[in-house]
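Participant: Sequence:
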Amino acid sequence: MNVPGYLPLQWKFITIASVAILLFTTIFGFLAASRNRTVLHDATEKQGKVLAQTVAALIINELIYEKLGLVEEGGLIDNYLQELFKRRELDYLYLAVLDENHRVISHSDFQEYGKVYGDKVFTFAEGSEVVVRPIEPSETGESALEFAAPLSIGGKNWGVFLFAVSLRHVNQEVRRMLIEIWSVALLALFCGFVLIFLLSRRFIRPITDLAAVMRGVDSATPQHLAPVTGNDELAQLARDFNAMVHRLSRANDDMKKAHEKLLQSEKLATLGILSSSVAHRINNPLGGLQNCIAILRRSGDDPVFRASYLDLMQEGVTSIEQTVSQLLWTAGKRRGEEARANVAEVLTAVLRFIDYRLKKTEIVFNSDVPAGLFVAVSRHDLNQILVNLLINAIQAMPDGGRLTVAARGDKYDVVITVADTGVGIPESEISKVFDLFYTSKKAEEGTGLGLWMTYELVQRNKGDIRVESRANEGATFTIVFPEASCMTAS
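Once you know that position 113 of the sequence shown is 118 in our numbering, the rest is easy, because the numbers rise by one and skip nothing.
I should point out that these hints are in silico values taken from the structure, not numbers from a laboratory.
Do not rely on the hints blindly, as some may be mistaken.
[To be verified] Within a straight-line C-alpha distance of at most 30 Å, the following computed DSS-like cross-link-like pairs (lysine-lysine) qualify: (1) K51 x K161; (2) K51 x K120; (3) K91 x K261; (4) K467 x K437; (5) K467 x K262; (6) K266 x K91; (7) K266 x K437; (8) K437 x K262; (9) K120 x K54; (10) K364 x K416; (11) K467 x K261; (12) K91 x K54; (13) K120 x K91; (14) K51 x K17; (15) K161 x K54; (16) K17 x K54.
Nothing here was measured: the structure is a model prediction, and the numbers come from that model.
Full structure from sequences and hints, please.
Facilitator: Written as structure tokens, this is what we have:
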């Protein structure tokens, strides 16, 4: 479908699902990582405090033994710190023992011996609780926790046990968790894509098929039906659509039948109007025939005289036959008739039927139609169009007037105009002239089908018709048809 901004429903589902999975993964990953970081941080802090208290008690004992001279000064504490640092129960950065003046008396790094850490040791460490301080990466190169446990007993302060534990294992665990979460998210995206693609063949494909069928239904024909698979809502939608197509098809058939009936009724109405002219044309030869029969009864013995009147009678019968044939041709419908007509010849045939009405209403008729002008319209359709327009013009001039028919070539077209000086059409009604059942005449004079049928016939033959009129100023109907080449006819 070439529609700007068109996005298939399948891709909408995939996009929405992907965004939802990514959003959920991001939020869940952030919350899980934050919680895991907090848990690991708290566990490390708790483990460090326990270690600080345990080791501090051992160091206090060693310091007491050293003060009493029971052990060598500093040696046992150094060995213990080195052993503790090697065991790596925690990820130590350093281990140190400071005296009461915060001078290093033992350290996991021998280069730190004798240094004073007064600016690094908490004042609170001189109390009785283990103090924990976070260390920024700018101090040691990585995040860590520093623990300070006071070495005091019986109110006497022996110093501080100080050590730092790296938090790299916390960061590594959080990073590993995020990688796992994003891996699961990517797997979910892939599975979701495959699942949506497969589901689209079951749920979205029927919709696209139905849309394609709907685009193909241009005349409500039952040949364009949607495939029905399954027994779910989509299948029911397809069934309802097919039922609608059948209803539209029946309605279209009914409309065509009604259309044909309307055309036939208009033809009958037109024939009724023409009947007076036909009766007039038949009555004249019938009167002559009656006179000939009466004369032959009186003086029919003379062969010459009888032959003369028989010829007159034959002419009368031929005239009646031609009139009836033309009437039947006007009423009939031709199949396979050539789409080519001589405008002047058709107009002459039409005038044979309406000349009586022209004379009866004292209408002056003028014609300006060249003899060799052909249009790409069947004779029957052009005859019906001109009959409708001329009768409409005659009915618009009950007290007489002027009726003019003209035709001319215009490049590849032929322009035919029918103008009268009748009652005209108000400007507000011009747009309704060709509507079905529109009429400004009395009920017994018009059915409202003549101009509508004329419009339909013109459109059917790829022509155009328009009207110009004002109230009490007459009306001019202009018809444009494609010109038919004279060479084609010959």
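Participant: Next step is simple, just say for each hint if it's right about the structure.
Facilitator: Hint check:
| no. | hint | result |
| --- | --- | --- |
| 1 | K51 x K161 | holds, 26 Å |
| 2 | K51 x K120 | holds, 29 Å |
| 3 | K91 x K261 | violated, 101 Å |
| 4 | K467 x K437 | holds, 21 Å |
| 5 | K467 x K262 | holds, 22 Å |
| 6 | K266 x K91 | violated, 109 Å |
| 7 | K266 x K437 | holds, 22 Å |
| 8 | K437 x K262 | holds, 24 Å |
| 9 | K120 x K54 | holds, 24 Å |
| 10 | K364 x K416 | violated, 36 Å |
| 11 | K467 x K261 | holds, 20 Å |
| 12 | K91 x K54 | holds, 19 Å |
| 13 | K120 x K91 | holds, 23 Å |
| 14 | K51 x K17 | violated, 50 Å |
| 15 | K161 x K54 | holds, 21 Å |
| 16 | K17 x K54 | violated, 55 Å |
The earlier numbered hints that this structure contradicts are 3, 6, 10, 14 and 16.
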